[in-house]
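Taken in order, these protein sequences are the chains called A and B.
0 is the number of the first residue of the first sequence in numbering that gives the first Met the number 0; add one for each residue after it.
0 is the number of the first residue of the second sequence in numbering that gives the first Met the number 0; add one for each residue after it.
Each statement offered as a hint is correct.
Short derived list, chain A residues pointing at chain B, Cβ under 7 Å:
no.: 1; residue: Ala-12
no.: 2; residue: Val-16
no.: 3; residue: Ala-36
no.: 4; residue: Ala-52
Footprint (simulated), chain A over chain B, 3 or more residues, beta carbon under 8 Å:
no.: 5; segment: 26 to 38
no.: 6; segment: 46 to 56
no.: 7; segment: 113 to 125
no.: 8; segment: 181 to 192
no.: 9; segment: 229 to 236
Keep in mind the hints are simulated off the structure, nothing from the lab.
Keep in mind it's a predicted model, so treat the numbers as computed, not measured.
Backbone N, C-alpha and C define an ideal beta-carbon position, used for all residues, glycine too.
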Amino acid sequence: MNEAALIVGMFLATFSVRYMLFAVAGRVHFPAWLSTALGFVPPAVLTAIIVPAVLMPQGELWLSPTNPWLLAALVAVLVALVRRDLLTTIVGGMAAFMLLRFGFGL
Amino acid sequence: MSSSDHPQVAGRRHEFVAGAKATIPLIVGAIPFGILFGTLAEPSGLSALGALAMSLIVFAGASQFIALGLLAAGAALPVIVATTLVVNLRHLLYAANLVPKVRHLPQRWRMLMAFGLTDETFAAVSNRYLQQQDTSQAHWFYLGSFLAMYGNWVLCTALGVGLGELFPDMTSWGLDFAMSVTFIGMVVPYLRNTPMWAAVIVAGAMAIATATMPHKLGLMVAALSGIAVGLSLHLLKQRGADNGEVEAVETVEEARG
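Work out the full structure: start from the sequences and follow the hints.
As structure tokens, then:
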């Protein structure tokens, strides 16, 4: 893989999206449905990344109470629902994961 | 430039420092992330120099992680770039939100701010705009937040690259879970209504169902399915509501809540 081309390509894909609206600021209006659709983008994309990472950590579906990725993710979801604080969620989820993995040897 | 500063310069400096300070808690969350990116780069097939250049030039945490995953899975360059584009679409929403705040600024400022637009800086800056009325110098606050994030991201990448060379088995420690857990912490606050729950459940289920698609295209299919279902439910709900009591932006506003 040509790394320079990859980085330039990713830069264009990132910067164009970030700059597009700033460039034409005030001259273009979003239809309401598009704004609504964009509101679903972050949670949908992030979830599509999280779920396979947690349920298929080694490439195969692993739906089991001994899957430390799954258990720690559930702990993180609970912490996030209760505290709604990013840092607490990260620390709580990582602590659960480390405990399961290295404390209980899962 | 010392105690005899023009009040405007002092105001700018104040905004800049306040912006950097307001971003510190978010930076703490980004530190393991940056280190992990640096650590995972070489095992995924990206050189140390490539990892540093990517953090310096692309500066998009989630996309960079996904690029590593795709590289490791042997995806082709156009697939990685297209996925980056989809993952970054959330920035359109942030930018749309900030448009009224950049209208008075010259294009070079807008470019700088666009380059520095991240989940974290958007969060810090939104608070700043909500809390104080006078926003004439708030772009300096933005700059402070952006440079704090940027400096941290690049430093942590370098640190991670170094650590990865010192401890080659670090990748087997399961640190990749830091990314999942960070994303969980970012997703959960959105879950405040049925369309949002539906979008997330569909995206997650579709991600598993499409996991075997080549080039990790399943990620895009899953995300777009979730968005489509969420949007449809939102529009249905809106139609069901009597006289337009449910505003079009409700879901978005609630999510940001």
